[in-house]
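Enquirer: Next come the chains, spelled out residue by residue.
2 protein chains.
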Amino acid sequence: MLYFIGLGLNKDQLTFEALNALKTCDKIYLESYTSNYADNNIEKLETQIKKKFVKIYRAESEQGFSKIIKEAKTKNIAFCVFGNITSATTHSSIINEAKDNKVKIELIPGISIFSVIPMLIGLEEYRFGRTVSIVKQEKNYSPTSFFDYILQNKELGLHTICLLDIKIYKQSKYFMQPYEATIRLLEIAKEKNINTKDWKIFVVSGACSKKENLTLTNLKDLSQKETKYNFPSSLVICAKLTYNEKENRNKIKNV
Amino acid sequence: MLYFIGLGLNKDQLTFEALNALKTCDKIYLESYTSNYADNNIEKLETQIKKKFVKIYRAESEQGFSKIIKEAKTKNIAFCVFGNITSATTHSSIINEAKDNKVKIELIPGISIFSVIPMLIGLEEYRFGRTVSIVKQEKNYSPTSFFDYILQNKELGLHTICLLDIKIYKQSKYFMQPYEATIRLLEIAKEKNINTKDWKIFVVSGACSKKENLTLTNLKDLSQKETKYNFPSSLVICAKLTYNEKENRNKIKNV
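Same order as they appear, the protein sequences are chains A and B. All letters in the first sequence, in the order written, are residues 8 to 262 by the working numbering. All letters in the second sequence, in the order written, are residues 8 to 262 by the working numbering.
Derived from the structure by calculation, the hints contain no laboratory data. There may be inaccurate statements among the hints.
The list cannot tell twin chains apart, which means a pair is met if one copy fits it or any two copies do.
[Stated by the list, open to error] In silico PhoX-like pairs for lysine-lysine, Cα to Cα no more than 20 Å straight-line: (1) K197 x K227; (2) K253 x K109; (3) K111 x K218; (4) K204 x K161; (5) K253 x K106; (6) K34 x K74; (7) K18 x K30; (8) K111 x K217; (9) K197 x K109; (10) K174 x K247; (11) K197 x K111; (12) K80 x K143; (13) K217 x K57; (14) K57 x K18; (15) K227 x K109; (16) K106 x K82; (17) K253 x K77; (18) K177 x K59; (19) K207 x K174; (20) K109 x K77.
This structure is a prediction, so every number in the text was calculated from the model and none was measured.
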């Protein structure tokens, strides 16, 4: 059996169904290249459940998950992911590979950043459009489609959750900071001749950790100071707020 | 202290942080008018945590939450919700009322139907547009805006999660069935002269329960038979599927 388990955003967000599955497992893999706990306390979870996690990095996953799938033919194996399990495309690949190999699978959801963000800043879940990822510009890779989607959402009166680029390798880590994301957004806005002066932006960082921080700001202010926010940081670009949302924003948390 | 706690979609989806909060509470309220467990097993959870839930219905909540808030000034009180905590507007009202009364609050997220649906049917979370609610047509209440939003999403190449109307009172319960929702969609399509012949639709019912069922169908077929699906039932109206999504759809679950 191969369990796909969402761990949530901190160790206490583990669900009982996740714990019960982990207890039966002979080996537990932890996907360690698309996310992490904000508190970096996976060791505390290991102590709590009295099992060790074997970390998997991007290079290994790109070579295929054949080893894990082979093990899961005869043993109970867990493939754990921070947050929820289906946000990254590689996760669906391993699920499909397992199915191709007739390995029995079970999907166990975890608390998702997508559920937590609207809750923290008091915006209505029905008023979010498609989510985008803001990606680091590289030599031959300079997408701007995320900007178009933000505009599209704004025109429809919808908020946009923007996830920020992450590149975690065994030897190096890169987490895009909100000010970098904002500089990129301002560059594209200039190219496209879009006025972003009135855009209201939330920075949600370290969600569900002791370092949690919510900041309401705008593109220009955010871009001008190299403030380091805690992982994970996301931006929410707001559409026009409803009366309720304004009330909530002022009251749910003191932003 | 007033805890707002998401219970998830079945009793084993309770998180440790929810359990730890419940343990400290003198009284536990359960919002019982916008949702429920598919398995109806809140009693099992009561046994497990050795505490009773006091159920709250719509009428009581509309009279205001003043009693609960007054209690929370001197005691630890929990306000529990099935799934996640911020999907219903009334929930933000009580949060705001607590804040106005200077009652300390803590928000504890739960596994959300919004995270579970894309996972179960293998559609990419980035390709969902705004969520809609399909509401029962009544004498002086006949909204069609949800249909426009579905069209909008479709035009942008995005899937739509459609929640179905629920009316739970102390003495009566109404859960809109997928075939009723579909009949309403077909009526509006006819009025607006929209061809829905090619629309692919998932019915996701009893998510995360033993009665879980996933059906891939179309509007016409779904509307023609009064099939009763298990609670909670949602529809997903698909945009054009990507290659990956087709692969996933065939493999994640045998729909």
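Enquirer: Which earlier hints turn out false for this structure, listed by number in ascending order?
Expert: 9, 10, 11, 12, 13, 15, 17 and 19
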